[in-house]
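Those protein sequence lines, which keep their order, are chains A and B. Counting along the first sequence from 1, when you hit position 150 you're at 150 in our numbering, and nothing is skipped either side. Offset between the second sequence (1-based) and our numbering: plus 1000.
A portion of the hints provided could be inaccurate.
Think about it this way: if two alpha-carbon atoms lie no more than 16 angstroms apart in a straight line, the pair counts; the simulated EDC-like pairs of lysine to aspartate or glutamate are [as the list claims (entries may be wrong)]:
#1 A/K60 to B/D1043
#2 B/K1188 to A/E42
#3 B/K1030 to B/E1159
#4 A/K77 to B/D1016
#5 A/K64 to B/E1028
Honestly, the hints are just simulated from the structure, not real lab data.
If you want the building blocks of each chain, they are given just below.
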Amino acid sequence: MSCEKFTENMSAYLDGLLSGKELSEFQEHLSVCNRCSQEAEELQSMFSWLKQAGDVAPPKELRKSVLAELKKEQSSKGRRYLPGFSQAVAAAAVLIMLVVGNLSLLPPAPLSDTVPMRATYQEESGAETPPADAIIYTQEAPDNVQFSEKSELNSAAGSEPFPRRLALNLILIPLFLFFSLRVIQKRKEAG
Amino acid sequence: METDEKILISLCKRGDLSAYDKLMQRYEKKVYALCFRMAGNPDDAADLAQEAFLKAFRALPSFNGQAQFSTWLYRIVTNTCLDEQRKQARRPQLFSLDKPLNTEDGHLALTLPAEAPDPLATALSHETEAEIKALLSILPAAQRLVLVLRDMEGYSYEEIARILNLNSGTVKSRLNRARARLRDLYLKKEELFPPTVHLKGKEGRGRS
Ligand SMILES: [Zn+2]
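The following block holds chain B by itself, in its conformation from the complex (with noise of 0.2 angstroms):
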């Protein structure tokens, strides 16, 4: 398995692009499903695990070995991930569930952005994936992406700060806070998230 990584590493410095197929089948699920935590909806996920794969190809020939490929290519990935929600911290934001909206009828109001054609429509059919995206989308970046690794994707500590480049006792620091901030939020998801939701299409609607 190893070795027959390294031979596939080799003849993608060199170009060669069928094995850089191979490669990326082995890592496409847990770079999309990584990507898709962090942005929350398919073609944003997609667009990010492209980047991440285009960046990594074109980096291959300053891979030297010293670290595993995978966590080479997870740095890529997160860092592709967070450099976008840098981008997206200047645009309008999707949810504005920080400061949640009291319409006339007296229901929570969630402001979508304008650009969503149909928000409905591309939310996951799971209520509960629905849930699980919108208070994961309210998390500060640089916590989201501790909280998927660890509680979503299953990575150690130690692999989570060597992807990261981080000591492993900020790791653990931040994922406690982004835990704490989470379950904050899961235990008031019923307010969050009555029967009754509504979902407007406008903006305007939301926060200044």
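For reference, chain A alone in the conformation it holds in the complex (with noise of 0.2 angstroms):
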């Protein structure tokens, strides 16, 4: 029989994988045949040869320089590992247009009722002294003078503010929602 398939089959033989007939027409090729045979000793030899490589052991500060690395990286895009962060910014945001929107859009109220008013102005500007068209509105309080400024989004409705807090409403809440579904859902997945 030709040594190709013994060749082939050398490695398993020699690391043990062989059994049944197979085992035993290796061996027995082996023991007729002087080539198969030496070169399995060869391959023994070798074998020992390789072991004579010393362990090798890693450079003490191998680790250390990966997790140097990955703390760059980590402040670099520190948002990344604070999972929801972005979506708890929008959530956030809707909450306060929410807020916002629906104290400016208050229906028409008593003079007393002004008052709120300037806070909302204050909050948004970030100044002492409301805006000029708030002290116009605070000043003369009448019915539609509050919703001058956007009578031309609401000649139809005229001074009737609900229809506008209602839609505000039905697409601010359910974005708002949405939003802190997705801060719930995102820090689930980060475990």
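Using the supplied hints, reconstruct the complex from the two chains, each of which is provided in its own coordinate frame.
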């Protein structure tokens, strides 16, 4: 029988992976074939030569340098590691819009009710003194003055603020719920 | 042990670096040894091991636990090593033993690249170790990899197949070829490494 088949199986034989008929055939061949038995011996000798290779130890600073690199990456894009951070920011922004929007679209009210309005203006502008239009508004409180600036958008509705409030809430509340759910989802994903 | 590792992995996925330190501690010896056998020198081995650990951390979110973590990690390591070999194949070779030179005084010369400032200093003190390194570096990277995994690091055929994403028949035939090739070199090593071997630091003495 030709040696080729045995040469192909040499590694499997040396690793003890042959069994049954394959093994007995191989052993039989080795006992009659000088070439193959020499090959097997040479390989065994090579294995013991390879085993003389000493253990290698990783450098002490290996892990340190990996961690230093990762720390740099984390601080440069730190937000990635706060799961749901951007969704939380979006939810908070929508919540602010909801509060501010509802307050500024309060139904027409008596003069005394204009005080909270000022507060919202202050919140938005960050200034101590309310902007000019706010002052006008607080001075001449009559019904539709407060909508004069947006009257071209709302000529049909006239002075009735409820459709706009309704629209505002219909858009913003689901948006707020959406972002809030995304925050929860992201935090769950992160474990 | 297993659940412990799962906990470490989930902490790592959340960006916990001290958990990753512990995880690396478990595998750094094997990872580095593999890189060392593939690269042939400590500096490149450290670079490869570092790169592999960085890649692994970045890829951890996609590790779903279907494979064993060690298998998954070693696959990243072997890919990193093979990528580097591919890059190096475009650069000057480390040893030109394929075409040994006969110098004027009749001895074999090994040509070492000029960028290694002092090859003898970085060579391991043990002569056998240096021989093993030199002969391994002649094997094609894919063959060297299976041989290192099996005959130096002691992985089974099945483990190697999983790490390299090959079927075990391919592993068997590749290992067989690698061993046959290394055996030829091993038998010739007395010629390749005569006691009076010359180490030339200059480039240009080697092959064109
Ligand atoms: Zn034979």
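These are the hints, each one checked on the structure:
Pair hint A/K60 plus B/D1043 holds up; C-alpha atoms about 13 angstroms apart against a cutoff of 16 angstroms. For the given pair, B/K1188 sits about 12 angstroms from A/E42 by alpha-carbon distance, which is consistent with the 16 angstroms threshold. Proximity of B/K1030 to B/E1159 is assessed by CA-CA distance (about 14 angstroms); at most 16 angstroms being required, the pair is judged to hold. Between A/K77 and B/D1016 the CA atoms are separated by roughly 15 angstroms; this keeps the pair inside 16 angstroms, and the hint holds.
Proximity of A/K64 to B/E1028 is assessed by CA-CA distance (about 12 angstroms); at most 16 angstroms being required, the pair is judged to hold.
Of the numbered hints given earlier, the model fails none.
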